[in-house]
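Peer 1: Sequence:
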Amino acid sequence: MKATDAGQADTRNSDFADGADLAEALADRVAGALAAAIGERGQATLAVSGGTTPKAFFAALSRKPIAWDKVTVTLVDERMVPPSHERSNHRLASLYLLQNRAAEAGFVPLYTSKGDAADVARTASAAIDAMALPFDVVVLGMGTDGHTASFFPDGSTLEDVTDPACAQSVMAIEAPGAGEPRLTLTLPRIVEAGLLVLHIEGEQKKAVLAKALGAGPEAEMPVRAVLRHAKTPVEIYWAP
1 MKATDAGQAD TRNSDFADGA DLAEALADRV AGALAAAIGE RGQATLAVSG GTTPKAFFAA
61 LSRKPIAWDK VTVTLVDERM VPPSHERSNH RLASLYLLQN RAAEAGFVPL YTSKGDAADV
121 ARTASAAIDA MALPFDVVVL GMGTDGHTAS FFPDGSTLED VTDPACAQSV MAIEAPGAGE
181 PRLTLTLPRI VEAGLLVLHI EGEQKKAVLA KALGAGPEAE MPVRAVLRHA KTPVEIYWAP
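By this note's numbering, the letter at position 72 of the sequence shown is numbered 72, and the numbering carries on one by one without gaps.
Calculated directly from the structure, the hints in this document are not laboratory data. Some hints here could point you the wrong way.
Taking CB as the label site, the calculated pair distances span [claimed, not checked]:
hint	residue 1	residue 2	range
1	Arg91	Ala118	34 to 40 angstroms
2	Gln204	Ala67	21 to 27 angstroms
3	Thr232	Asp18	26 to 32 angstroms
4	Glu40	Pro153	36 to 42 angstroms
5	Asp145	Lys114	27 to 33 angstroms
6	Ala210	Pro65	32 to 38 angstroms
7	Asp18	Ala210	17 to 23 angstroms
8	Leu133	Glu220	26 to 32 angstroms
9	Gly106	Ala215	39 to 45 angstroms
10	Asp10	Pro217	19 to 25 angstroms
11	Ala167	Asp18	37 to 43 angstroms
Computed from a predicted model, the values in this text were never measured in an experiment. We treat Cβ as the ideally placed atom computed from N, Cα and C, and that holds for glycine.
Could you build all of it, start to finish, from the sequences and the hints given here?
Peer 2: Have a look at this one:
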């Protein structure tokens, strides 16, 4: 697929027969990009998303034979809940990604327990800024409402977090469809990644993405901000 309006990045599509095939192929792609970064700079950075979709991908990636002790992992977004909470993305990454060979990787959480969401976002922003930026790899998901990261429709800070000139790396956001208050990487940190992947599964999400890549008012959903401003082609991995 190709963007339809000026300034929007091209996309590269990879479709798979099922989620298991996708997970292995995406794990190979991400591991290769991380290994290349380690070879060039001696370190690599990876930001991943939560939800149920990436579990198989996380498990596959955790077994890839790269120098995980030179990789630092963080989250694209997080709920304002502690790591022990069942809805925590930190917990998800710990259970499925930071295992096997990848147990040697470093991890930078977004959530801390001190302060309100805005305070926690500022602390997280400083932690992200201390990493080796830009990220070598960012893996995004997408909801059926067209949100990605925690860029939710009608989000309290949606205009700010999707501003290409946003100066803060992490911000807090609340939205009707988000459940808990959220912490999210802002658009500049996401779109500057060396490898930017959108991992989606299911026909419904494929249809939503097709709308986002099209023209007209129905295309104006949050994921479109990423598609429009990405510095490299967004690699789309999809399975039924």
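Peer 1: For every hint, state whether the structure bears it out.
Peer 2: Each hint tested on the structure:
1. Arg91 / Ala118: 34 to 40 angstroms: Roughly 23 angstroms apart at Cβ, these two residues miss the hinted range, so it is violated.
2. Gln204 / Ala67: 21 to 27 angstroms: 38 angstroms, violated
3. Thr232 / Asp18: 26 to 32 angstroms: Holds - the Cβ-Cβ distance for Thr232 and Asp18, about 27 angstroms, lies within 26 to 32 angstroms.
4. Glu40 / Pro153: 36 to 42 angstroms: 38 angstroms, holds
5. Asp145 / Lys114: 27 to 33 angstroms: Hint holds: Cβ distance 31 angstroms, inside 27 to 33 angstroms.
6. Ala210 / Pro65: 32 to 38 angstroms: 37 angstroms, holds
7. Asp18 / Ala210: 17 to 23 angstroms: Since Asp18 and Ala210 have Cβ atoms about 20 angstroms apart, the given range 17 to 23 angstroms holds.
8. Leu133 / Glu220: 26 to 32 angstroms: Holds, since Leu133 and Glu220 (Cβ atoms, about 29 angstroms apart) stay within the stated range.
9. Gly106 / Ala215: 39 to 45 angstroms: Holds, since Gly106 and Ala215 (Cβ atoms, about 42 angstroms apart) stay within the stated range.
10. Asp10 / Pro217: 19 to 25 angstroms: Because 23 angstroms falls inside the window, the suggested range holds.
11. Ala167 / Asp18: 37 to 43 angstroms: 42 angstroms, holds
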